[in-house]
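Colleague: Residue numbers (this note's numbering), protein chains in the order written: chain A, 1 to 674; chain B, 1 to 674; chain C, 1 to 674.
Among the hints, a few may not be true.
In silico contact screen, one side only, chain A against chain C (beta carbon under 8 Å); selected entries [said to hold, decoys possible]:
1) 56
2) 59
3) 101
4) 182
5) 214
6) 242
7) 417
8) 418
9) 520
Subject to a maximum C-alpha distance of 27 Å in a straight line, what follows is the list of computed DSSO-like cross-link-like pairs (lysine-lysine) [what the hints assert, rightly or not]:
10) 103(B) with 104(A)
11) 491(C) with 103(B)
12) 103(B) with 103(C)
13) 532(C) with 257(C)
14) 263(A) with 176(A)
15) 104(C) with 103(A)
16) 263(B) with 453(B)
17) 257(C) with 161(A)
For the record, the hints were derived by calculation from the structure and aren't laboratory data.
Heads up, the beta-carbon is just placed ideally off N, CA and C, and yes, glycines get one too.
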Amino acid sequence: MRTDLGKMPFGGDYNPEQWPREIWAEDMRLLKEAGVDMLTLNVFSWATLQPSEDTYDFSQLDDIMNLVRDNGMRVFMATSTGAHPAWMATRYPEVLRVEFDGKKRKFGGRHNSCPNSPVFQHHSAALAEALAKRYQSYTNISAWHISNEYGGSCYCENCEKAFRVWLQRRYGSLEKLNESWNTSFWGHTFYDWDEIVVPNLQSEHFAETRTMFQGISLDYARFNSDSMMENYKLERDAIRRVIPDAQISTNLMGFYKPLDYRKWAKEMDFIGWDNYPSYDDPYYRTAMCHDLMRGIKDGQPFALVEQTPGVSNWHPYSALKRPGVMRLWSWQAVAHGADTVMFFQLRRSIGSCEKYHSAFIDHVGTSETRVFRELKILGGELAHVGDHLLNSRTNAQVALVFDWENWWAIEFSAGPSTELRYMKEVMRYYEALHALNISVDFIGADSDLSTYKLVIAPVLYMTKTGHAERLKEYVRKGGTFLTTFFSGIVKEDDRVVPGGYPGELRELLGIWVEEIDALPPDKHNRIVWSGKTYKAGLLCDLLHARGAEVLSTYLDDFYRGMPALTRNRFGAGEAWYVATALEAPFYISLLKSMCDTLEIGQVMQVPPGVEATRRSKDGRDFIFVLNHNETEVLIETDRGMETGMVDLLSDRILRKGEAFGLEAKGVLVLTSGE
Amino acid sequence: MRTDLGKMPFGGDYNPEQWPREIWAEDMRLLKEAGVDMLTLNVFSWATLQPSEDTYDFSQLDDIMNLVRDNGMRVFMATSTGAHPAWMATRYPEVLRVEFDGKKRKFGGRHNSCPNSPVFQHHSAALAEALAKRYQSYTNISAWHISNEYGGSCYCENCEKAFRVWLQRRYGSLEKLNESWNTSFWGHTFYDWDEIVVPNLQSEHFAETRTMFQGISLDYARFNSDSMMENYKLERDAIRRVIPDAQISTNLMGFYKPLDYRKWAKEMDFIGWDNYPSYDDPYYRTAMCHDLMRGIKDGQPFALVEQTPGVSNWHPYSALKRPGVMRLWSWQAVAHGADTVMFFQLRRSIGSCEKYHSAFIDHVGTSETRVFRELKILGGELAHVGDHLLNSRTNAQVALVFDWENWWAIEFSAGPSTELRYMKEVMRYYEALHALNISVDFIGADSDLSTYKLVIAPVLYMTKTGHAERLKEYVRKGGTFLTTFFSGIVKEDDRVVPGGYPGELRELLGIWVEEIDALPPDKHNRIVWSGKTYKAGLLCDLLHARGAEVLSTYLDDFYRGMPALTRNRFGAGEAWYVATALEAPFYISLLKSMCDTLEIGQVMQVPPGVEATRRSKDGRDFIFVLNHNETEVLIETDRGMETGMVDLLSDRILRKGEAFGLEAKGVLVLTSGE
Amino acid sequence: MRTDLGKMPFGGDYNPEQWPREIWAEDMRLLKEAGVDMLTLNVFSWATLQPSEDTYDFSQLDDIMNLVRDNGMRVFMATSTGAHPAWMATRYPEVLRVEFDGKKRKFGGRHNSCPNSPVFQHHSAALAEALAKRYQSYTNISAWHISNEYGGSCYCENCEKAFRVWLQRRYGSLEKLNESWNTSFWGHTFYDWDEIVVPNLQSEHFAETRTMFQGISLDYARFNSDSMMENYKLERDAIRRVIPDAQISTNLMGFYKPLDYRKWAKEMDFIGWDNYPSYDDPYYRTAMCHDLMRGIKDGQPFALVEQTPGVSNWHPYSALKRPGVMRLWSWQAVAHGADTVMFFQLRRSIGSCEKYHSAFIDHVGTSETRVFRELKILGGELAHVGDHLLNSRTNAQVALVFDWENWWAIEFSAGPSTELRYMKEVMRYYEALHALNISVDFIGADSDLSTYKLVIAPVLYMTKTGHAERLKEYVRKGGTFLTTFFSGIVKEDDRVVPGGYPGELRELLGIWVEEIDALPPDKHNRIVWSGKTYKAGLLCDLLHARGAEVLSTYLDDFYRGMPALTRNRFGAGEAWYVATALEAPFYISLLKSMCDTLEIGQVMQVPPGVEATRRSKDGRDFIFVLNHNETEVLIETDRGMETGMVDLLSDRILRKGEAFGLEAKGVLVLTSGE
């Protein structure tokens with residue numbers, strides 16, 4: 001997003017079209033009081049903008065745009081295509097999706113358009129272009145917001161046809177496709193492209209992630225992500241034709257499985273995302289989402305496009321964000337790379353399903369609420385901090401590999417355990433690094449590794465073409481690599497690499513995995529590491545060292561004594577293998593030890609429940625200290641903090657050796673005095 | 001039901017059409033032995049009565065009617081339209097329903113007709129009229145029983161079309177509809193009535209009670225209830241045309257959510273209902289159902305149309321009614337307003353899904369069973385009591401508001417808690433009043449309040465037009481009103497009343513609710529009331545007194561000290577607000593205290609597990625004492641009982657000061673000696 | 001299966017069509033190393049064999065067959081019709097099934113053909129015949145394997161039409177059908193055959209086993225089983241026309257509810273079945289499956305067609321078979337009547353959903369794995385044992401009745417308890433007999449009873465025509481019969497036998513069951529038997545002795561003192577009745593006592609966790625001793641073992657009076673020295 005404000009944009013979704021015009025002026029007054037300077041407009045107005053197939057009516061939007069411009073606000077301009085108009089569904093039922101179970105939808109909801117409907121493709125791009133033409137002269141448009149929270153999937157006839165075309169492009173011939181999908185199994189050989197049907201509950205699936213042909217299902221996941229990305233690109237290109245230098249994005253959703261965000265990121269000028277943690281999510285999970293959103297665009301600062309000021313109505317229990325939490329979580333976003341702090345929503349709806357989601361301006365309609373007062377304080381802080389943090393970067397020395405196709409493949413797998421979840425396995429490592437206040441970058445299978453001292457790839461089940469070679473090259477030159485059980489098993493088409501697990505990683509790791517034992521949730525094995533015993537579960541590889549050093553072995557069962565943790569010296573570096581899933585303290589112990597050896601430093605030493613992150617710009621560091629506890633904690637400035645730092649929020653200068661209390665939910669943004 | 005028997009009718013559903021004729025005479029003999037004098041006939045005989053589209057065949061029913069008349073029995077005459085014939089489904093698939101998920105049904109089951117099928121409407125009314133003509137001369141028909149247990153819903157094309165017509169009548173214009181449904185949200189504006197589709201899993205819903213547009217779903221609930229009520233009225237009017245003074249009803253099902261029984265009650269000559277408590281229902285829950293069924297018809301005695309003599313086969317575990325329970329529960333119905341005691345069924349089927357539901361005459365075919373013997377004793381008691389209780393009334397001083405549209409709206413709401421259930425919240429108050437043996441009337445939003453000392457409206461989420469004014473008027477004149485969290489929020493169209501909660505009730509209650517905190521099931525706050533601490537949960541309003549007196553405050557969390565219980569003096573009366581959901585003993589303590597102050601008396605003081613209710617007629621009271629315990633209890637006559645009362649069942653006279661044992665499951669029907 | 005090898009066949013499913021030809025020779029080498037001599041071929045090759053409607057291409061199969069013959073292997077030749085080709089689904093959608101909820105399937109999966117599709121029937125039989133013609137000269141074909149694991153059901157229009165024809169054959173007239181289905185209930189009378197629709201979620205069902213018309217659902221279960229059996233017979237007869245003496249079978253699945261295997265068995269030359277116990281199944285459950293598979297063919301030895309060498313990928317947790325377990329479970333099959341030991345699969349797939357199911361040759365591609373080594377040992381043992389065991393028989397004196405129609409009817413029943421499961425009730429008795437090492441035959445309702453001392457029929461709900469008479473005759477002549485609660489209730493059409501339970505068994509048992517009490521899972525009653533108290537639950541019959549001797553009574557509730565266990569002397573024999581479900585130790589105590597009295601001996605006395613079974617041939621006994629424990633046990637030869645027996649596996653001779661250790665998972669196959 002263009003940061004021409006000289007500060008972080010502050011604001012959120014604004015839907016004046018739901019209100020009589022007499023409210024609009026009052027809105028402007030209240031929002032300015034809170035310090036708002038950026039409005040997301042026009043998110044769901046297609047039916048208003050295009051009341052019939054051959055008519056556009058921009059009159060209401062013109063009035064809103066003028067009001068906003070006259071009040072000095074910036075705009076994050078949406079294209080409104082996240083929900084099609086009712087007339088379109090009635091006239092062209094093809095725009096309606098077909099669900100995973102084969103059910104044809106009727107008009108309703110949002111995210112409701114078939115991505116492969118020519119009618120939808122035509123009308124959505126045309127609307128984006130018409131909006132660009134209409135409002136190209138509004139210099140207060142900071143960026144364009146295509147559609148809204150792309151997601152879901154469709155299984156209609158148009159998708160089926162488009163899938164066949166996509167497959168023809170991918171495979172070239174049916175021979176290649178039959179081989180890749182292993183169709184000789186169960187006699188599924190295809191002799192004509194038209195014999196191929198979408199994989200859903202009517203064909204190859206018996207549940208969302210349970211498929212009989214992994215190759216087919218995996219390709220459909222790719223195809224579905226690509227189809228929606230094409231929708232995005234159609235609109236983006238339509239705007240670009242009119243406004244060549246437009247900043248264009250959409251709002252993503254963190255660890256959202258159906259869309260390969262790393263692939264999408266290449267098509268987006270910047271990443272925007274919507275952060276709605278559940279009331280009981282641990283705060284490191286939110287941090288992990290922020291880091292992923294920063295990671296998919298190789299470290300570029302992102303926009304926090306939506307978060308709730310108070311409650312999220314769609315949560316099972318709309319628990320209030322306690323005093324200070326909204327501010328704390330906003331600064332947490334910034335601490336992990338956000339350059340924009342925005343909310344859903346500015347004024348609360350009075351009807352339909354989001355009316356109990358909170359807003360700057362509540363149903364009571366005044367600024368005399370706790371939530372408003374807290375927002376106003378945050379707005380003031382963002383203004384106070386100004387441009388200090390803009391475009392600063394996180395320079396991590398540890399990378400975590402996260403790959404969407406690997407995610408899909410792992411969870412489509414029939415065996416070895418229905419309990420295996422990719423994100424959970426990645427989180428084991430993230431949680432430990434986060435607890436150690438060590439910065440982490442999320443990278444992909446094709447990312448540059450040269451800047452990292454440590455690369456961790458939990459459950460690297462699918463080894464993409466060339467990835468093993470790049471990892472070897474990285475280790476050979478001195479890098480440290482760590483991977484786990486159920487890695488190196490398959491290639492992109494989910495076919496096993498024969499010759500022994502972990503396939504193409506075997507040489508790098510110096511091991512051979514003969515068998516994989518899946519443990520029911522109530523069963524466990526044990527290992528000893530660094531003098532302590534840890535429970536092991538989920539999967540236990542039965543492996544043989546083939547050059548690797550054995551650092552720990554199983555204590556129980558018939559494979560007692562077999563290796564559970566190995567390290568292989570390879571070139572100038574090392575490749576580690578964790579053969580099972582262990583208790584959380586194991587990961588802290590292991591990673592602390594490895595990072596100490598590799599001289600990867602913690603951002604700062606802080607008490608439990610306190611998060612410390614770093615961003616840097618032009619040689620200057622900004623350290624964020626976030627107290628997630630319910631109580632005050634003591635921060636000691638000599639435990640990693642430079643002397644004479646200043647807190648950008650309070651302007652207070654902290655002397656070396658000083659220890660001071662940071663209140664519950666308190667935030668510091670420290671930098672060296674200028 | 002006509003009470004021209006001079007006593008309470010006793011009997012139930014009789015289906016001789018399932019049996020060879022040689023059984024019929026034996027049935028008559030056995031039923032007379034048991035004291036049966038009323039038979040519900042012809043409930044599911046459409047296929048027999050109308051074997052093809054243009055033929056009626058009443059020959060079998062003629063024989064049955066003659067048999068029954070010759071044996072001196074009365075008839076509750078059903079119209080048989082609760083299940084259509086197979087030929088109708090084959091010939092006119094439109095009579096078959098479409099389910100909530102869009103699935104078109106085939107022939108099967110019962111309650112299977114689309115209420116908006118013209119074919120069904122035509123044939124059902126025609127059959128009702130033909131029956132009326134055929135049997136108008138049978139003076140032993142006490143009442144007419146339209147269809148059976150109306151229920152369910154349909155989402156077919158005929159319903160979709162009828163829904164649009166219904167909406168046109170309700171809103172007049174699309175502008176008004178778009179405003180009421182808040183369709184500017186998510187761009188759902190309708191430009192043509194034909195763009196509107198039924199709200200189900202194919203359109204606006206993602207679960208039964210989870211909708212994206214509350215306004216649409218709420219209107220469909222109204223429409224569905226109205227559609228079935230129109231079916232009822234069509235048949236009723238057909239009978240009325242032939243027999244102007246016919247008593248006409250149908251059998252309701254207590255707290256049955258899909259149908260607005262209070263609206264239906266206006267169209268019924270008397271209320272009949274089917275009582276099938278689950279094996280583990282507390283007995284106050286059954287009492288509450290009876291009181292609701294009495295309440296929807298403003299206190300008029302109702303008919304207990306169905307209950308099981310022994311087991312209900314469709315329960316997960318067909319636990320036997322223990323000795324005495326069938327009698328106890330029958331008298332419990334009378335204690336709460338029944339003037340008829342009937343059963344499903346008189347002879348057990350030998351085939352299909354209800355063959356393991358019990359009956360007067362079991363599969364063994366004799367009177368030598370425990371169940372038969374108990375029924376015979378009850379039959380004797382009803383004959384012995386004669387006309388004493390007929391048309392007696394419950395004169396309650398406490399009213400509980402229960403409103404179907406409010407029920408629907410609360411449970412369609414997206415937020416603040418998926419745990420919120422209207423009936424459960426109402427039950428908290430009912431349970432306490434019942435434990436105190438204080439009579440309660442269930443009233444609606446439009447009921448007269450003038451006869452009550454205390455009106456309680458738990459979770460009055462939807463404040464219907466004029467209701468707030470009527471409540472204010474009631475309190476102003478000296479009434480006491482109590483309501484709770486999540487009240488006064490919306491109007492009929494589920495749009496929020498802006499300006500602060502609880503909307504139109506704000507002035508009456510003297511409070512402003514700023515925020516609502518939803519607590520997960522494992523979390524709680526606490527309050528102190530009358531020296532005791534109670535756990536609070538589900539929802540906690542964060543409110544400010546605006547004139548109201550604060551009687552209790554929260555003990556925990558950041559809103560510690562904010563009001564949790566308030567009382568506002570308003571005119572000559574008081575308006576109470578309970579800001580959260582509390583433990584059961586709180587309600588007993590609060591209501592005991594309020595009733596004491598208001599001089600609302602308990603019917604009688606009885607030991608725990610004993611229920612005491614009162615009915616009155618011509619200045620004479622009848623007190624029912626029902627021992628639900630597994631053991632004998634001691635009843636003391638000086639604890640509220642008048643001196644010299646007589647038990648109508650045993651004719652025993654009870655002296656003041658006397659204490660006597662009432663056996664487990666025992667019943668007394670006391671009245672002043674004549 | 002032809003046992004012309006002079007030993008038990010050893011091998012399994014082999015799918016070379018999934019591999020390049022260079023692998024084939026290596027496969028032959030490895031399989032011979034393991035001792036494999038029997039290959040199941042061609043299970044899923046339809047798409048390869050018939051690439052279009054009018055073309056067969058046997059070239060690849062020719063090569064495979066020649067390879068196999070040249071390597072001296074036998075073949076279990078499959079017909080490939082377990083999954084149709086994609087082109088067939090595209091060209092003839094009628095071959096695709098319709099699911100229970102009415103969903104039409106698309107191409108995908110396996111077991112995917114509608115059994116009543118004329119297209120499928122034609123093409124499957126034609127393929128079977130073509131295969132027979134092509135390969136009739138291959139003398140190494142030991143048997144034919146029709147389709148694969150028949151199962152599932154279909155609800156399409158072709159099935160609906162075929163169902164009506166099936167019904168016409170069964171009932172002759174609609175009058176008879178209406179009577180049998182009790183259609184006067186709920187007015188379901190049919191006036192035309194075409195009014196009858198398939199019973200599924202669109203019509204009479206509201207869940208898989210919850211139906212509104214038991215008669216309809218029961219007939220559909222019969223029809224569905226018959227339909228698939230007709231598919232089997234079509235293919236079988238096509239082969240038989242070409243090869244009159246072919247041995248023909250298919251692979252069954254143990255207690256598989258949808259198919260009436262006893263009826264199927266009459267059409268199969270031998271029984272083959274696939275044994276995939278869950279990781280937590282008790283070993284007596286597997287034993288019970290084997291005994292059932294032996295029982296449906298009246299004791300004839302069966303083929304173990306499939307089991308996994310290591311893990312089953314479709315289990316929730318693919319737990320490894322621990323060392324020795326694969327061997328132990330293979331011998332357990334033999335111990336219960338198997339004459340063939342085969343596996344799925346010989347080489348592991350690298351793609352699709354079974355690639356993580358284990359195999360002789362793993363992904364690593366060598367014989368250097370634990371699993372291969374264990375298989376090779378087993379192969380050696382089978383060769384060593386040679387023809388000793390072939391065709392030996394289990395001569396049991398106890399029979400357990402297991403009837404598929406009874407299974408369906410019990411679980412379609414609406415009441416008395418949703419917890420009632422037929423197989424679980426049968427297992428209570430099997431478990432006790434197994435723990436006592438008493439041989440058991442599973443018999444059907446029409447089996448000869450004359451060879452048994454004790455016949456047990458748990459929950460004989462449906463008494464088929466003539467069964468009661470045969471049971472009486474059996475007891476009259478001195479037999480002992482035992483049955484339980486919920487027996488004798490209905491006839492084949494699920495209509496109750498009036499006159500009192502247990503219907504036609506009343507005289508034989510000398511009791512009358514007046515009522516049935518269903519207990520929720522957390523409730524129980526108690527009885528005393530042989531000095532010990534046992535908990536009773538699920539169902540408690542309230543019964544009266546009518547000639548029977550009362551052996552035990554209830555201790556609790558209002559039916560305290562009523563009979564819970566009775567014995568009726570009838571002719572020269574006895575008929576026992578167990579009126580409720582009891583704890584496991586009760587059954588051991590009861591059956592021990594009964595067997596002692598009847599002089600039914602244990603095979604051998606062994607420690608807990610050890611199984612002992614007997615097979616006999618030509619007057620010679622073979623005793624199998626299987627140690628399922630994790631630890632060694634002490635076997636004492638004087639506890640039932642004859643002196644001087646030899647262990648066929650180790651050739652060790654055991655002296656009388658000797659006690660020796662049998663290792664964990666160890667196996668003995670003892671016989672008298674020759």
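Colleague: Next, verify each hint and record whether it holds.
Modeller: Taking the hints in turn, this is what the structure says about them:
{"no.": "1", "hint": "56", "result": "violated, 40 Å"}
{"no.": "2", "hint": "59", "result": "violated, 47 Å"}
{"no.": "3", "hint": "101", "result": "holds, 7 Å"}
{"no.": "4", "hint": "182", "result": "holds, 3 Å"}
{"no.": "5", "hint": "214", "result": "holds, 6 Å"}
{"no.": "6", "hint": "242", "result": "violated, 42 Å"}
{"no.": "7", "hint": "417", "result": "holds, 5 Å"}
{"no.": "8", "hint": "418", "result": "holds, 5 Å"}
{"no.": "9", "hint": "520", "result": "holds, 5 Å"}
{"no.": "10", "hint": "103(B) with 104(A)", "result": "holds, 11 Å"}
{"no.": "11", "hint": "491(C) with 103(B)", "result": "violated, 34 Å"}
{"no.": "12", "hint": "103(B) with 103(C)", "result": "holds, 9 Å"}
{"no.": "13", "hint": "532(C) with 257(C)", "result": "violated, 36 Å"}
{"no.": "14", "hint": "263(A) with 176(A)", "result": "holds, 24 Å"}
{"no.": "15", "hint": "104(C) with 103(A)", "result": "holds, 11 Å"}
{"no.": "16", "hint": "263(B) with 453(B)", "result": "holds, 25 Å"}
{"no.": "17", "hint": "257(C) with 161(A)", "result": "violated, 39 Å"}
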